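Residues per chain are reported as follows:
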Amino acid sequence: MRRPDIALVPSFQRAASRVVIRRTANYEQDLAAVIGEALAVFDLPVRGKTVLLKPNLVGFDPLCEMNTHPYVIAATQESFLRLGAAQVLIGDGPAMDRDTEAIIESVRLREFTGPLGRTFVDLNLDDVKRVVLGTHASRLNELYLPKTVLGVDFLVSMPKLKTHHWAGVTLSLKNMFGIVPGGCYGWPKNVLHWAGIDNSILDINAAARPDFAIVDGIVGMEGNGPIQGTPKPCGVLVLGDDPVAVDATCCRVMGLRPEKVKYLNAAGTLLGHLDPAKIQQLGETVASVRTRFAVLDEFKELREADGGVWN
Amino acid sequence: MTPAGDNLDSQNLASESVFAANFCLPLIRTAQNSDGGWGFQPGLQSRVEPTCWAILALRAQESSASAGEIPARGLEFLRKTQLSNGSWPASAEASSGSWVTALACWVLAADAKARDAVAAGVRWICNDWPRDSATWRRWRARLFSHRKITEQNDSYRGWGWTPHTSSWVEPTSLALILLASTPAQVLPRGAARRRELARGMLYDRMCPGGGWNCGNPMVYGVAGEPLIVPTVWALLALRDKPDRPEFVLSLDWLEKNIGNARGAGSLALARIGMEVAGRKWPQGAPTIAEMYARNEFLQNIAVASWACLAACRRHQWLTGDVAEFS
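Top to bottom, those sequences are chains E and D.
Heads up: the first sequence runs through residues 391 to 701, numbered per my numbering.
Heads up: the second sequence runs through residues 381 to 706, numbered per my numbering.
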């Protein structure tokens, strides 16, 4: 059982976070080997445990442009099983379309993972538990969240590297919108928009902070994401034990300033590290893989000046 | 469609009926919880929405009198879960109403014991206005928004998934289907105006080439992609005006896209939409049984129920006329 009460730790009390960047040119590589090697750095406590992978399955997507690529999901599943996990579930609650099966079939997830009838959890329809939100970042005082998410031993957020037309970027923290059940709040989960997207992201992640994040940045999306943007090859997988640090690193890889992303800046105080001095960067350097992502004009202040300082 | 095509269509429907009887009905029957309700999947807590779909499916498929015990216990669950303000919650612990109120009223309308409950539910629905289209909010948006994100007429008003949020296609459609079959004496004053505004909202939110998604036909100047599920619900809600260009265009979109359906839920609803609109089922379209073999519907009770409803030759369940089910 996960411990939501340990999610909030002031930055100065939190140990340094580790983030690995792995250069990964395409989806034809042996991703299980790449991810397995990267996970080995972390000595994760998953032996005999139940792990839930939470990919970003946002819509019907035969070309795999907006969703976490199924090969990345399957390779991660295999990697956690190799680490001794007793069970690796895959779960998401798509926001715009209640036919979850149509979405996972459109990306051919079953072809990579095998039959999903017993391993996939439609988080929109799962049993729910009332969670009182202690953070009060948004106007929401409580949320009903899936019991599977609250009950697993280890939760992994697996977003795609994308810009977002309302939040600036959508990475491992924004990806957690998908745990809010449509069966309670509808398709889309409009109550979160009314409560404020940035603040809702903080509340959700405080209530169910991912233990680990793996970002599919092999091909990301720029511009009018998360659905109608333009595919952007970036050739990286970014992994880490702190979702804030992973998202901050992803922003820097995208040529964006994480401290200018409203929810990420706030998350850096209590949910994880934003400050690069508190992030132990492993694998490739940010500078070596930086790929500038286009953003809508509304988010032009996110762009780093040319020759950004991160390395 | 040729006579041979008619035969094929008939055979296809017959095979879907056999599948519904052999796989879907047993799944639904055995998934009923001891409190009379159904969860979204077998073994999960009872919720209003899957309970409503299961009852509709059982009523539409069962013919023996004894089989009525299962839906009767489901109706009892619905009667017990109504909130004091007349609405129904989307989950057991929740204390506020939601879009499932329309479904619960629709299902309970045929239950003589639930007339007051239905009347209270309908009143709640007619008093539940979306917040986004309030007059002051539209004025504020006109004065202060520097860029128009969506292109829609906010003077039209439908229903949201949850109270005091925005209008969306599916909850609006479900409310319209309910109100269309609700006897005039039960409808509160102003219901006719609400229906008119909601119908206008659905027409306004149609995607540019026909069909509907959740309710965003254009975002930042880019056309939204329609989806089968909301398209079918909107078509069913607007089916009394089948000559409207929006209806014809959207039905055409549905017909063209059935072959692209990837989920059993979408496919089952597409069949319902096509049949109710009097269109033939396209040859070569996938079958619900084939989709079941892939993922067992992800054990989804709503999908199994829709598959049962899709296998009906008549669709009286849409109007709550239970006498014709048995």
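Simulated from the structure, these hints should not be mistaken for laboratory data.
What you are looking at is a predicted structure, and each value in this text was computed from that prediction instead of being measured.
Note that the Cβ used here is the ideal one computed from N, Cα and C, for glycine as well.
Mixed in with the good hints, there may be bad ones.
[As the list claims (entries may be wrong)] Quick list of in silico lysine-lysine cross-link-like pairs, DSS-like style, CA-CA up to 27 Å:
1. K650(E) - K668(E)
2. K537(E) - K460(D)
3. K650(E) - K690(E)
4. K652(E) - K668(E)
5. K519(E) - K460(D)
6. K537(E) - K668(E)
[Said to hold, decoys possible] Among chain D residues calculated to face chain E with C-beta under 8 Å, some are:
7. S397
8. G419
9. N507
10. W509
11. T545
12. M598
13. W633
14. N637
15. G639
16. R642
Now for the hints, and whether the structure bears them out:
1. With a CA separation close to 18 Å, the supplied pair K650(E) and K668(E) stays within the 27 Å bound.
2. For a cut-off of 27 Å, the pair hint linking K537(E) to K460(D) stands: about 24 Å separates their Cα positions.
3. Our distance criterion of 27 Å between C-alpha atoms is met by K650(E) and K690(E), whose separation comes to about 10 Å.
4. Between K652(E) and K668(E) the CA atoms are separated by roughly 19 Å; this keeps the pair inside 27 Å, and the hint holds.
5. A threshold of 27 Å between alpha carbons decides the hint, and for K519(E) with K460(D) the separation of about 20 Å falls inside it, so the pair holds.
6. For a cut-off of 27 Å, the pair hint linking K537(E) to K668(E) is broken: about 33 Å separates their Cα positions.
7. Using the Cβ-Cβ criterion of 8 Å, the hint placing S397(D) at the interface with chain E is not satisfied: the shortest such distance is roughly 22 Å.
8. At a threshold of 8 Å, the smallest CB-CB gap from G419(D) to chain E is about 7 Å, leaving the interface hint in force.
9. Using the Cβ-Cβ criterion of 8 Å, the hint placing N507(D) at the interface with chain E is not satisfied: the shortest such distance is roughly 19 Å.
10. Hint status for W509(D): violated, given a least beta-carbon distance of 14 Å to chain E, over 8 Å.
11. Hint status for T545(D): holds, given a least beta-carbon distance of 5 Å to chain E, under 8 Å.
12. The interface hint given for M598(D) is violated, since its Cβ lies 10 Å from the closest Cβ of chain E, which is over the 8 Å cut-off.
13. The closest approach between the C-beta of W633(D) and any C-beta of chain E is roughly 14 Å, which is over the 8 Å cut-off, so the hint fails.
14. Against a cut-off of 8 Å between C-beta atoms, the interface hint on N637(D) is violated, since the closest Cβ of chain E lies about 10 Å away.
15. For G639(D), the suggested interface contact is broken, since its CB lies about 13 Å from the closest CB of chain E, more than 8 Å.
16. Taken as an interface hint, R642(D) checks out: its beta carbon lies about 4 Å from the nearest beta carbon of chain E, inside 8 Å.
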